[in-house]
Amino acid sequence: MFDWLFEMLSFSFMSRAILAGMVVSLCAALLGVSLVLKRYSMIGDGLSHVGFGALAIAMALGLTPLPFTIPVVILAAVILLRLSGNSRIKGDAAIGMIASCSLAIGVTVLSLSKGINADISSYLFGSILIMSSSDLRLSLWLGVIVLLFFLLLYRRVFTVTFDESFARATGMRTGLYNTLTAILTAVTVVLGMRLMGAMLISSLVVFPALTAMRLCKSFLSVTLTAAAVSVTAFFIGMALSYLFSAPAGASVVLVNAGMFLLFSAVRKVRMMS
Amino acid sequence: MPLITANDAAFAYDGQIVLSDVTFTVNQGDYICIVGENGSGKSTLMKGLLKLVPPARGEVRLGDGLSQDEIGYLPQQTLIQRDFPASVREVVESGIRSRRIFLTRGDKKRALDMLNLLEAGSLINRSFMELSGGQKQRVLLARALCATRKLLLMDEPTAGLDPVAAREMYKIIEKINREQGIAVIMISHDVQTAALFASHILHLQQTPLFWGTAAEYLETFPGRKFAGGVCDV
Ligand SMILES: Nc1ncnc2c1ncn2[C@@H]1O[C@H](COP(=O)(O)OP(=O)(O)OP(=O)(O)O)[C@@H](O)[C@H]1O
Ligand SMILES: [Mg+2]
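Residue numbers (the numbering used here), protein chains in the order written: chain A, 1 to 273; chain B, 1 to 233.
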């Protein structure tokens, strides 16, 4: 009955994409909990658009994509974080502007450079075929770093997320944590973008956290549930996309949406009983 | 040895000075109450003492015996979102400054002790967002107490409490101040009660109108006017 599952995993590009994708989903979910709770979820979206623009430029100039894209997106992450922390500038509007400009640059560059035969849609909506083994290695490293960040600094991540001014008043270097979170988010977004596409990656950041918050009431349980939901949804999404030859990124997003509805339903039932 | 010294400090938002000429010192064991009308700069001064707002002029200095991570802080009607998923235990324990990944048993006991001190020990496994305003206030005060053994800054700790609970809160704060020798800086609108417990009063109106002992304050004009009911209307 599950023959197709083994068949799916026997393709090396498939198993590579699934492994990398699960690691990226895990990272996105962990970082997403903080980002969503701090009302920074726009940043994930903005970064994916910047990533798309940077990727397009890298392709047009014939550069290897990741070494060019990652630093650009990290820089953007630090800038976007400053913007949303600044109450004088309308942070969300500024992010929207930067995002759409990057997208416009990306589309223009891609359509002007004749030498590239990759189609735009694979960048916008992702492709499991472009995951190389060096991408996989990078994803695994990212996973290790994000997990370490959370394990070692978990208490401080909570303190900063829950009440930043208390954290700062009691001597914590909150800027450092915010910057670290932004950098890790940037790398997560770039790696995930290749699989999920620029348009869809931010859902990996937002959905698991929101889903977990439907049912969980402590920070620890939200974090763990979001991580579990995210990895599960990614795997199911990939399997479905393989079974029905549906686009991978879109399938993963739809499964995530399904999980959200499921958790919401359980919450309704719980509240009624 | 002073814990904090403000020397001719002024504070500004966007270049607009909202509070100026603040000079005072906080010593070990002091119980200072900051009073003044809405918008007179009380919260701003507290943020200045905590280095959340840098002084536009003058300086704010922590004493040699005090580092930033030994200060407890209870923010005004905190800006924490109402729907933040956190248990009371997580919130209180977040006040404990420790570099460890896992808290020691002693740390955990300290968190529970602080909650018990505020007669809120039974809340420990509850969800923070489901508490009433007064219960939240106690939990956040317990968090602030976990963070310090020396200096506690509180921005309107009795806001949102019923009169009995507010009275209780003043007693607890006084006990903490007296028994544990923790210096207290508190913002309050309830001048009469505050003057009863505090050792010093700082009355702000864009600049200090009065700085001295509570007894002196009750003798002077701003004290009488303010304590005489302006607040109670
Ligand atoms: N973040 C800010 N940006 C700009 N102006 C501010 C900011 N915070 C406070 N102010 C201004 O600074 C002045 C002092 O504000 P502050 O919050 O210190 O008053 P307060 O004495 O604590 O009042 P309340 O009793 O209402 O809490 C006010 O005029 C206020 O408008
Ligand atoms: Mg105030």
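Honestly, the hints are just simulated from the structure, not real lab data.
There's no promise every hint is true.
[Claimed, not checked] Distance condition first, Cα-Cα at most 27 Å in a straight line; then the derived DSSO-like pairs of lysine-lysine:
id	chain 1	residue 1	chain 2	residue 2
1	B	109	B	150
2	B	175	B	109
3	B	175	A	217
4	B	150	A	38
5	A	217	A	268
6	B	109	A	217
7	A	38	A	217
8	B	108	B	171
9	B	109	B	171
Hints versus structure:
no., hint, result
1, B:109 - B:150, "holds (19 Å)"
2, B:175 - B:109, "holds (20 Å)"
3, B:175 - A:217, "violated (33 Å)"
4, B:150 - A:38, "violated (30 Å)"
5, A:217 - A:268, "holds (15 Å)"
6, B:109 - A:217, "holds (22 Å)"
7, A:38 - A:217, "holds (16 Å)"
8, B:108 - B:171, "holds (25 Å)"
9, B:109 - B:171, "holds (23 Å)"
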